[in-house]
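Visitor: Take these sequences, add in the hints, and give me the full structure.
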Amino acid sequence: MTIPIVPKLLRSHLSDLAERDARIDGRGRWEGRELEVEHSILPRAEGSARVRMGDTIVLAGVKFQIMTPYPDRPNQGGLMCSAEVRPVAGRNWESGPPSPESIELGRVVDRGIRESGCIDVDSLCIIPGEKAWQVILDLFAISDDGNLFDAFALAGIAALRNATVPAERFEVGEDYPLSVSKTPIMCSYHKVGGRFVFDATAREELGGDERIHITLGDDNNVHSLQKGLKGIFSAGEFTEIMDNAIERTEKLRKIIDEL
Amino acid sequence: MGGYGDVQMIDENGVRADGRGPGDIRPITIETGVVPVADGSCRMTWGTNEAIVAVYGPMEAHPRKIQRQDRAVLDVAYNMAPFSTTDRMRPGFNRRSREVSKVTQDALESVVLLELYPRSKIRVSIEIVSAEAGTRCVGLTAASVALADAGIPMTDLVVSVASGKINDVVVCDLNKEEDNYGEADLPMGIMPNSGELVFLQMDGDLSQDEFKQAWKYNMDAAQEIHKLMVEALNGGDSQ
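Sequence lines, in order, name chains A and B.
With the working numbering as the guide, the letters of the first sequence map in order to residues 1 to 259.
With the working numbering as the guide, the letters of the second sequence map in order to residues 1 to 239.
Where hints are given, some of them may not hold.
Computed cross-link-like contacts, DMTMM-like style, restricted to lysine to aspartate or glutamate with a CA-CA straight-line distance of at most 25 Å [to be verified]:
#	chain 1	residue 1	chain 2	residue 2
1	A	K8	A	E101
2	B	K212	B	D168
3	B	K227	B	D39
4	A	K251	A	D219
5	B	K65	A	E94
6	B	K176	B	D24
7	A	K131	A	D175
8	A	K251	A	E31
9	B	K176	A	E174
10	A	K227	A	E237
11	A	K131	B	D87
12	A	K182	A	E38
13	B	K102	B	D179
14	A	K254	A	E240
15	A	K254	A	E38
16	A	K8	B	E60
17	B	K176	A	E168
18	B	K176	B	D6
19	A	K182	A	E36
20	B	K102	A	E94
21	A	K8	A	E210
22	A	K182	A	E247
23	B	K212	B	E224
24	B	K176	A	E171
25	B	K176	A	D175
26	B	K121	A	E94
27	B	K176	B	D203
No lab work stands behind these hints, which were simulated from the structure alone.
Guide: Put into structure tokens, the structure is as follows:
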């Protein structure tokens, strides 16, 4: 993503707003945008979801392949997660090989899902040492108005939780639902005008500093953390957003579990 | 074309496996403004195909060497999302999508009034999120709606539709199975107001009479689809 001319005016506007504890779109500091989650919306994918957060829209699709298990783990299948942000999603995203930004997106979401242990890789084995399922989660941005991280993570887990293993098509038995035992949820905070806010828009990202991503599991265990972009934060600031993430992930998990 | 198979896809009464008659097209929906951050956009479903197109621009063309002093440059990219096909589509460079991008760009350059925007660029991103058969037609048709939604002046919209041949019968708008096992495929890009063409491809085997029939099916279908496009652009979804 090419960064446009340093938006000095935007930065000072955001600082002014922060002093009055206000945000550029009128939300409160910890307030998320309107959220919409749908699942099973793509006919060719074995699991899929569409997430809309304000003007940010993403798709997630789950596909399966048969792989040969790794020699050191003959009883395990695999999970692969990749994110693509193509030029369709915004004027600043360009075509070509994956940008560092989109690679970071995919990897951070991947870690949250993988480390939560929500997918039992042992259950993906078909014939030990010979055949196992590889679950591929593809995250695809349709419209980027900021905070693709949370949108991708939410769409990803929603798609996995509603996925069907296509055993019949691969002639290895009957189709069955993919077992996903947990619901890891990511919450992202961006420092805008000197203080962290939840669910930043593209304009806040453009005029902001560092961002922090937290993925929490069902029992509030921490599964992935990532600090991105230039900036310095204190332990106190981190405690504040962690407390908010605990509260927030619980609400979001309920939405996903009840789909 | 997959060539001849033993697959029976149309019965003696001219009823196809999905219940359509030879000249019928699959159900179509068109919606505009589906990518809120874009200058114009369109979501089109056609059977179980789904395309999402975003238009950005006219905007600064960079690097400067791509600028044209007398007109805008059009930058069209057609791409299939990894989960759009039965077997996962690997992201990245692909000869087929490069070709489809090029012929789509050639078609759109024929209708967009590029000379109104010298030294600028108009970007058209076509993303196929679900593929059945005829994705290039869905992409091109949806792209012309998205350009209109962005307010870019054009001499006409472009309706793209394909006819082909299954079990020796000429039919309009092949579905997945018909495309796989059919004997011919003739996609065209039609300017519905003049009946002129901006895009044409064909592969397979058609007699002169069959070719004329396929041509006629495409021309008739174009008028039908054009109505849905105009409806969507005049506000509201179309069914």
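Visitor: Could you run down the list of hints and mark each one as holding or not?
Guide: Taking the hints in turn, this is what the structure says about them:
1. A:K8 / A:E101: holds, 22 Å
2. B:K212 / B:D168: holds, 14 Å
3. B:K227 / B:D39: holds, 23 Å
4. A:K251 / A:D219: Holds: A:K251 and A:D219 sit about 13 Å apart, inside 25 Å.
5. B:K65 / A:E94: Judged against 25 Å, a Cα distance of about 17 Å means the pair holds.
6. B:K176 / B:D24: It holds: about 15 Å lies between the C-alpha atoms, which stays within 25 Å.
7. A:K131 / A:D175: holds, 16 Å
8. A:K251 / A:E31: Holds, at about 13 Å.
9. B:K176 / A:E174: Within the cut-off at roughly 24 Å; holds.
10. A:K227 / A:E237: Holds, because 13 Å separates the two Cα atoms, which is no more than 25 Å.
11. A:K131 / B:D87: holds, 17 Å
12. A:K182 / A:E38: Roughly 19 Å between the alpha carbons, so the hint for A:K182 and A:E38 holds.
13. B:K102 / B:D179: holds, 22 Å
14. A:K254 / A:E240: Measuring from Cα to Cα gives roughly 22 Å; hence the hint holds.
15. A:K254 / A:E38: holds, 14 Å
16. A:K8 / B:E60: With a Cα-Cα distance of about 21 Å, the restraint between A:K8 and B:E60 holds, given a limit of 25 Å.
17. B:K176 / A:E168: holds, 19 Å
18. B:K176 / B:D6: Between B:K176 and B:D6 the Cα gap is close to 16 Å, so the pair holds against 25 Å.
19. A:K182 / A:E36: Distance of about 21 Å is within 25 Å: holds.
20. B:K102 / A:E94: Given that 25 Å is the threshold and the Cα spacing comes to 18 Å, the pair holds.
21. A:K8 / A:E210: Distance ~16 Å between A:K8 and A:E210 Cα, so the pair holds.
22. A:K182 / A:E247: Holds, at roughly 17 Å.
23. B:K212 / B:E224: holds, 19 Å
24. B:K176 / A:E171: holds, 21 Å
25. B:K176 / A:D175: holds, 22 Å
26. B:K121 / A:E94: Given that 25 Å is the threshold and the Cα spacing comes to 13 Å, the pair holds.
27. B:K176 / B:D203: holds, 16 Å
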